[in-house]
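Enquirer: Chain R is fixed; fit chain X onto it per the hints.
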Amino acid sequence: MKGHWQLAHLAWRYLWAKPLTAALNLLLLSLGLAAMVFVLIVSEQIESNVERDLGGIDLVVGAKGSPMQIMLAGVFHLDVPTGNIPLATIAQLRSQPLVAQAIPIALGDSLRGFRIVGTSPEYLGLYGARVAVGKLWTAPMQAVIGSAVVAATDLHPGQQFAGSHGLGEQGEAHAEKAYTVVGVLAPTGTVLDRLVLTDLASVWEVHEHHATGHAEVAEPESAREITMALVRYRSPLAAMMLPRWVNAHEGLQAAAPALETARLLRMVGTGTEVLRGFGSVLLLAAALSGFVALLNSVRERQSDLAMLRMLGAPPRRVAALVNLEALVLAVLASVLALGLGHALAHLLGSMLAEQQSLRLSGLWWSPWELGMPLLAIGLALLSAAWPAWRAFRLDITELLQAPR
Amino acid sequence: MSGAAKAPSLALQGLRYRYRDGTAMAFPDVKLANNQHLLLLGPSGSGKSTLLALMAGLLTPSAGQVLMAGTDVGALGAAARDAWRGRHLGFVPQRLHLSSALCVLDNLRLPFVCAGLACDEARLAELQSALGIDALAQRRPHELSVGQAQRVAIARALVRRPRLLLADEPTASLDDAAAAAVLDLLMQASAGQGASLVVATHDSRVVGRLLQSDPAFVELPGMDARIFA
Numbered sequence: 002m003k004g005h006w007q008l009a010h011l012a013w014r015y016l017w018a019k020p021l022t023a024a025l026n027l028l029l030l031s032l033g034l035a036a037m038v039f040v041l042i043v044s045e046q047i048e049s050n051v052e053r054d055l056g057g058i059d060l061v062v063g064a065k066g067s068p069m070q071i072m073l074a075g076v077f078h079l080d081v082p083t084g085n086i087p088l089a090t091i092a093q094l095r096s097q098p099l100v101a102q103a104i105p106i107a108l109g110d111s112l113r114g115f116r117i118v119g120t121s122p123e124y125l126g127l128y129g130a131r132v133a134v135g136k137l138w139t140a141p142m143q144a145v146i147g148s149a150v151v152a153a154t155d156l157h158p159g160q161q162f163a164g165s166h167g168l169g170e171q172g173e174a175h176a177e178k179a180y181t182v183v184g185v186l187a188p189t190g191t192v193l194d195r196l197v198l199t200d201l202a203s204v205w206e207v208h209e210h211h212a213t214g215h216a217e218v219a220e221p222e223s224a225r226e227i228t229m230a231l232v233r234y235r236s237p238l239a240a241m242m243l244p245r246w247v248n249a250h251e252g253l254q255a256a257a258p259a260l261e262t263a264r265l266l267r268m269v270g271t272g273t274e275v276l277r278g279f280g281s282v283l284l285l286a287a288a289l290s291g292f293v294a295l296l297n298s299v300r301e302r303q304s305d306l307a308m309l310r311m312l313g314a315p316p317r318r319v320a321a322l323v324n325l326e327a328l329v330l331a332v333l334a335s336v337l338a339l340g341l342g343h344a345l346a347h348l349l350g351s352m353l354a355e356q357q358s359l360r361l362s363g364l365w366w367s368p369w370e371l372g373m374p375l376l377a378i379g380l381a382l383l384s385a386a387w388p389a390w391r392a393f394r395l396d397i398t399e400l401l402q403a404p405r
Numbered sequence: 029m030s031g032a033a034k035a036p037s038l039a040l041q042g043l044r045y046r047y048r049d050g051t052a053m054a055f056p057d058v059k060l061a062n063n064q065h066l067l068l069l070g071p072s073g074s075g076k077s078t079l080l081a082l083m084a085g086l087l088t089p090s091a092g093q094v095l096m097a098g099t100d101v102g103a104l105g106a107a108a109r110d111a112w113r114g115r116h117l118g119f120v121p122q123r124l125h126l127s128s129a130l131c132v133l134d135n136l137r138l139p140f141v142c143a144g145l146a147c148d149e150a151r152l153a154e155l156q157s158a159l160g161i162d163a164l165a166q167r168r169p170h171e172l173s174v175g176q177a178q179r180v181a182i183a184r185a186l187v188r189r190p191r192l193l194l195a196d197e198p199t200a201s202l203d204d205a206a207a208a209a210v211l212d213l214l215m216q217a218s219a220g221q222g223a224s225l226v227v228a229t230h231d232s233r234v235v236g237r238l239l240q241s242d243p244a245f246v247e248l249p250g251m252d253a254r255i256f257a
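Same order as they appear, the protein sequences are chains R and X. If you want this note's numbering, it's the position in the first sequence, counting the first as 1, plus 1. If you want this note's numbering, it's the position in the second sequence, counting the first as 1, plus 28.
Extracted from the complex, chain R is given alone in its bound form (with noise of 0.2 Å):
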């Protein structure tokens, strides 16, 4: 065994001689830092599913109402809409030369809590998505699922389900108007994975039948209505003209999704900083815990220290193992951390993932992460900074006094 192994055999041992003060520092500093990686991982999985769900969108045209509530409804199909708007504002808003696209949404119902949305194939291309098996829809009542729901349903080209009613997973069932499916989209990581597409008639159909009772009895087109309107600018001029134009028509109301979601981010920002806050406080209590533990332990192994010298131990070799004990309980500390911290991921995303909500994994890796052993041995190395000085300066003549 090499001479530094053994050094850093010792360290370990004399790491391991008081195991509780050991195990309370661990602790601490693997709770320090697993929140940081908790946090780091999972505003970096937020941060880039909105990147990847905004979709190139530029505006998200709704009924009057909460332009947030818009944005999370129409975008990311995590909050009711605020109602429904006239269909004619699709030609509407197609109309404007500023407009290169205008795609249009409607929501209503569910399929065990993924949404069902009537929508135009253009909506697959916002994505950049392909469908995988079978093939888009060509008429009403055809769906095309994402890659989630078919994890979750286990549904498959040529068979069929009802749609329930609202988007929550209790409601209603239309048992009597049946979905076939048609296609399965390959997965993209973005919202398309839990939805369920479907042309925008089928969801009047639906509506229509479940309202009169009859499926023959369809409304006038001019009376149609749908949810949202997605919509993609031709020029960046229109960032500063369309929202004043849709806001000035009675009844519609634009939401611009990039400011939203900064807004959005903002607010599940300051969540994250309390948590990095806590985190941070762990990582100081771990810190200043450290220096006790060490400076003790360096006051009460003074004379094996001194022996350490007496042996023909350098005064750095005496210091290297004060810094060793530190390193050694950093390098541990950062690898529980890293597994804490992505556990925590993984079990947040699970629950998520019930709810039909954010989609975050315990396998996202972050190269910031890479601080984080780096952090943990700059902690430890100033938490043993003045106990291995006091080491360094050990006054070995003393070992050879009378036992005190």
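Output of the computed footprint for chain X on chain R, the stretches with three or more beta carbons under 8 Å from beta carbons of chain X:
#, region
1, 13 to 24
2, 299 to 311
Here are the simulated distance ranges between beta carbons:
#, chain 1, residue 1, chain 2, residue 2, range
3, X, R44, R, L28, 50 to 60 Å
4, X, E171, R, V293, 24 to 34 Å
5, X, E149, R, V275, 51 to 61 Å
6, R, R317, X, G175, 31 to 41 Å
7, R, L266, X, S128, 52 to 62 Å
8, X, Q166, R, A386, 32 to 42 Å
9, X, E171, R, G272, 49 to 59 Å
10, X, S128, R, L28, 17 to 27 Å
11, X, G236, R, A286, 58 to 68 Å
12, R, R317, X, V174, 26 to 36 Å
13, X, A107, R, E48, 46 to 56 Å
Selected chain R positions facing chain X (in silico; Cβ < 10 Å):
#, residue
14, P315
15, R317
16, L322
Hints were generated in silico from the structure; no laboratory data involved. Virtual Cβ for every residue (Gly too), placed ideally from N, Cα, C.
Expert: The following block gives chain X in isolation, referenced to the frame of chain R:
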């Protein structure tokens, strides 16, 4: 040079040490041949521990020299002195300072760890066998009897085949039988390893025992230190 071989194992020449409070102590000149041992006698405060520290290179003399096989220990740089101490000096302190965090075997490995060297396991096995502690390898110091702990401390001091073995009050707080056993062990171990032995003590029993073992003492002026062959 052949002089190195002929040089005394340990020589103290005009050795003086000034304490921080300004008081100074002068030590008698000593020449210790390879086959000789030194007994430092005197009450507390007579300078025994200071002289041991000077011999070990832990203190730098204000005047004079400590020569080990011709090497002026005080003239060595700090790092060289640490290395020299690890290589040529064995030390058995009054309190044994066996690390309670380590088993006996790991305590015996410490001299190699301190020097940053790979451990010579064969040497450890040889010493454990010679001192009759091979069955104690995995025990912690608190699981040892006083006699066993003394043997482990002596083994640790001899691990790197030192030229000089220093023992500070090795019989303090031991009963007569245990004190005699420790002294015999020190004598045998140093003789077996070819090391010169320096014992500092105020215990009159030590003198009697060493006189019985080997009566060839050399009286030193100025300080109650004696050389015995």
